[in-house]
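Student: Top line first, the protein sequences correspond to chains A and B. Residues 1 to 395 in the numbering used here are what the first sequence lists, from first letter to last. Residues 1 to 395 in the numbering used here are what the second sequence lists, from first letter to last.
Accuracy of the hints is not assured; some may be wrong.
Computed cross-link-like contacts, DSSO-like style, restricted to lysine-lysine with a CA-CA straight-line distance of at most 30 Å [unchecked claim]:
hint, chain 1, residue 1, chain 2, residue 2
1, B, K30, B, K169
2, B, K31, A, K2
3, A, K30, B, K174
4, A, K385, A, K159
5, B, K352, A, K174
6, A, K233, B, K2
7, B, K352, B, K233
Chain A regions said to be covered by chain B (calculated; three or more residues, Cβ under 8 Å) [what the hints assert, rightly or not]:
hint, region
8, 214-222
9, 249-263
Some chain B residues near chain A, calculated using beta-carbon distances under 7 Å [stated by the list, open to error]:
hint, residue
10, F3
11, E4
12, F5
13, E6
14, R10
15, F13
16, G14
17, V210
18, P214
19, I215
20, G222
21, T226
22, I369
Honestly, the hints are just simulated from the structure, not real lab data. In this text the structure is predicted, and so the values were computed from the model without any measurement. For each residue, glycine too, the CB sits at the ideal point set by N, CA and C.
Protein chains: 2
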Amino acid sequence: MKFEFENPTRLVFGAGSLSQLGEAVRAYGKKALLVTGGGSVKRNGTFERAVASLNASGVSVVECSGVEPNPRLSTVVRGAEIARNEGCDVVIGLGGGSTMDAAKVMAAAVFYEGDPWEMIAHGQENRNLPTRALPIITVPTLAATGSEMNAGAVITNEKTTEKSFVIAKCLFPKVAVVDPELTVSVPPDQTAFGICDLITHVTESYFNGVDGTPIQDRFAEGVILTAMEWGPKAIADGNNPEARAQVQWASVVALNGWVQVGSAAAYPVHMIEHVLSAHHDIAHGAGLAVVNPAWMRFAAESRPARFAQFAQRIFGLALQHPEDAEAAKEGIERFEAFLRSIGCPTRLSELKIGDSLLGRYAQDTVRIIHNSEGLLPGRPPMSEKDIIKVLRSAL
Amino acid sequence: MKFEFENPTRLVFGAGSLSQLGEAVRAYGKKALLVTGGGSVKRNGTFERAVASLNASGVSVVECSGVEPNPRLSTVVRGAEIARNEGCDVVIGLGGGSTMDAAKVMAAAVFYEGDPWEMIAHGQENRNLPTRALPIITVPTLAATGSEMNAGAVITNEKTTEKSFVIAKCLFPKVAVVDPELTVSVPPDQTAFGICDLITHVTESYFNGVDGTPIQDRFAEGVILTAMEWGPKAIADGNNPEARAQVQWASVVALNGWVQVGSAAAYPVHMIEHVLSAHHDIAHGAGLAVVNPAWMRFAAESRPARFAQFAQRIFGLALQHPEDAEAAKEGIERFEAFLRSIGCPTRLSELKIGDSLLGRYAQDTVRIIHNSEGLLPGRPPMSEKDIIKVLRSAL
Numbered sequence: 001m002k003f004e005f006e007n008p009t010r011l012v013f014g015a016g017s018l019s020q021l022g023e024a025v026r027a028y029g030k031k032a033l034l035v036t037g038g039g040s041v042k043r044n045g046t047f048e049r050a051v052a053s054l055n056a057s058g059v060s061v062v063e064c065s066g067v068e069p070n071p072r073l074s075t076v077v078r079g080a081e082i083a084r085n086e087g088c089d090v091v092i093g094l095g096g097g098s099t100m101d102a103a104k105v106m107a108a109a110v111f112y113e114g115d116p117w118e119m120i121a122h123g124q125e126n127r128n129l130p131t132r133a134l135p136i137i138t139v140p141t142l143a144a145t146g147s148e149m150n151a152g153a154v155i156t157n158e159k160t161t162e163k164s165f166v167i168a169k170c171l172f173p174k175v176a177v178v179d180p181e182l183t184v185s186v187p188p189d190q191t192a193f194g195i196c197d198l199i200t201h202v203t204e205s206y207f208n209g210v211d212g213t214p215i216q217d218r219f220a221e222g223v224i225l226t227a228m229e230w231g232p233k234a235i236a237d238g239n240n241p242e243a244r245a246q247v248q249w250a251s252v253v254a255l256n257g258w259v260q261v262g263s264a265a266a267y268p269v270h271m272i273e274h275v276l277s278a279h280h281d282i283a284h285g286a287g288l289a290v291v292n293p294a295w296m297r298f299a300a301e302s303r304p305a306r307f308a309q310f311a312q313r314i315f316g317l318a319l320q321h322p323e324d325a326e327a328a329k330e331g332i333e334r335f336e337a338f339l340r341s342i343g344c345p346t347r348l349s350e351l352k353i354g355d356s357l358l359g360r361y362a363q364d365t366v367r368i369i370h371n372s373e374g375l376l377p378g379r380p381p382m383s384e385k386d387i388i389k390v391l392r393s394a395l
Numbered sequence: 001m002k003f004e005f006e007n008p009t010r011l012v013f014g015a016g017s018l019s020q021l022g023e024a025v026r027a028y029g030k031k032a033l034l035v036t037g038g039g040s041v042k043r044n045g046t047f048e049r050a051v052a053s054l055n056a057s058g059v060s061v062v063e064c065s066g067v068e069p070n071p072r073l074s075t076v077v078r079g080a081e082i083a084r085n086e087g088c089d090v091v092i093g094l095g096g097g098s099t100m101d102a103a104k105v106m107a108a109a110v111f112y113e114g115d116p117w118e119m120i121a122h123g124q125e126n127r128n129l130p131t132r133a134l135p136i137i138t139v140p141t142l143a144a145t146g147s148e149m150n151a152g153a154v155i156t157n158e159k160t161t162e163k164s165f166v167i168a169k170c171l172f173p174k175v176a177v178v179d180p181e182l183t184v185s186v187p188p189d190q191t192a193f194g195i196c197d198l199i200t201h202v203t204e205s206y207f208n209g210v211d212g213t214p215i216q217d218r219f220a221e222g223v224i225l226t227a228m229e230w231g232p233k234a235i236a237d238g239n240n241p242e243a244r245a246q247v248q249w250a251s252v253v254a255l256n257g258w259v260q261v262g263s264a265a266a267y268p269v270h271m272i273e274h275v276l277s278a279h280h281d282i283a284h285g286a287g288l289a290v291v292n293p294a295w296m297r298f299a300a301e302s303r304p305a306r307f308a309q310f311a312q313r314i315f316g317l318a319l320q321h322p323e324d325a326e327a328a329k330e331g332i333e334r335f336e337a338f339l340r341s342i343g344c345p346t347r348l349s350e351l352k353i354g355d356s357l358l359g360r361y362a363q364d365t366v367r368i369i370h371n372s373e374g375l376l377p378g379r380p381p382m383s384e385k386d387i388i389k390v391l392r393s394a395l
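The shape of chain A in the complex, shown without the other chains (with noise of 0.2 Å):
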């Protein structure tokens, strides 16, 4: 292990702690960015009770609604510009992973010149990583993407059909408020898909990090374990508040550097999904919840050994040898019907997407990152074919 590790961001966790944003917000700013998707949040409460929480502490805010599932690079040219007009000093993304992303790069976009695509498109010659932004808190209303609590964001360009990442020290939240009450009005299917995120976030570095790394192992287990005991509660009674809390918490944690940390880990996983809700704005937790299954099973073939130890340690599976192919077999039958038992889907015909586009969505996906020779980095790297493979599987 040789690596360097850092998260500056400072986490305010609990129900109720909504009420702390606007002392948290003005300590770095007067006049604040807010930006939401707009429509949950104002039904049920959540916008107005932040906006009297940043008032009361002295902060106007100026709005900036409408970010949408998947968020389009216009969106965040819109909220960057509306930030530069109005004069904000601090941008606040409340919301789920699409809003927090666009409220990160909306930050950075205000002082970048030119088009913000360029810090983003991960595999362009001309990237251009943001080095500065406005200060950024978060608000998550959502149990899934982390985003709250990491440096990193996901943006579409709508023109291109591509959905790519960045990450840059300057994306770190300032403060992440993390008030597990926000999520109660969260139905059980974006509960279940937010399940699916926080766990993949977490099987992406177990499975494709490097060896060597025994305590992260046990983390990643951890987050798995305590997702799959608490999730399945949130989604039976979305008021149960300790169900929630333990759901949330889980999705800090399963993106925030801790359980990755050293791992030096690729997402596979997220890319090729990255490319099928790019092209199908399908949820991302759903279509992670097919392709992730579809994955192991291709993955188990090259490393049974990494697989069986998720079956034992996950499942309490009974191993033969340390690489017990059939056991490794057995846990991905496993994972892959919990993820059925709480509603997520598991087959891309479920998501509405035939194999027309197989060969498009390899290329898109190799195309957006790749290594040098043309692969998606991974364990194993793969090929445009292995891409359609695996997508074939899950049909």
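Following the hints, put chain B in place on chain A, whose structure we already have.
Tutor: For chain B alone, kept in the frame of chain A given last:
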């Protein structure tokens, strides 16, 4: 769970990372107070390599050597005076926990008017936490205290025989340069004491934290299992780089807050041990190895389910039921046996401590830290009688 979390320290981890020290320090200053114990780092060449890296980056060095185990207030005062007189603009702690802790408090004492003990003495009326410090860089040469990546320090007031602690935001190191190669010369006994120390950091929050922290429980178990797997290898062969790296990494995460987050844990075992080592100048990890199992037997009486979980998840013991007191007891036996197997003492007599001062140790412990009822915080809170009982059981 309701909590705040923040840890802004940048971590540079890996074999050979000492060569990055100069670059890391140069971002914060040009003239460094280099704090060391003075002995082993000079003998084994670490000091020389550190100075070479610093000088190569244009950082000049002022030395403050001679920090003793259980570092003394007078040493802190001496270091702060050197830093002030020489106009140092950054402080480096190169050594074990004692050296890093002394360096941290020196960095704050530079700005502190009056007796620096006021910053430390927990439970004193006139306590005055530091709010400002010179930038701190830590370079651990021992895997043990986790001081390299947290905001705490433990100092002994040799005049009053008090050992107490301070935790303050300004004491977070800016950078922790953690190079496991620096620990290859640590002898087996000190290596074992470090392993006991890091495991105890984790058991304190595991057994004394609030209920309802399943992820933190799994993280704690992950650290313990990894330390128990790799610790004996590091002791058997000090030159095993993989074992040194895993133990070092375990010591970082055992007390950087990732395991303790949201647990609001008390540290009764540490508090009792601090008094023992203030009186007898024993190695901290050795004292913990004696006190921890004795304390566990005491605490398991009132909370068997928690210790049964420990027995099940750490030692794979089958439980007859969740409150299985027999399994709980067996888990503690096995833990104590593990400590003995790596060469730790588990009896006070091995530390040449008899029963003549048991009442005094108990008094001192409760004087330094107590709740509103005059009890040592923990699960359960302890009276002086309880402390005497625990210590007597370990004679």
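Student: Enumerate the violated hints, using their earlier numbering and listing them in ascending order.
Tutor: 5, 17 and 22
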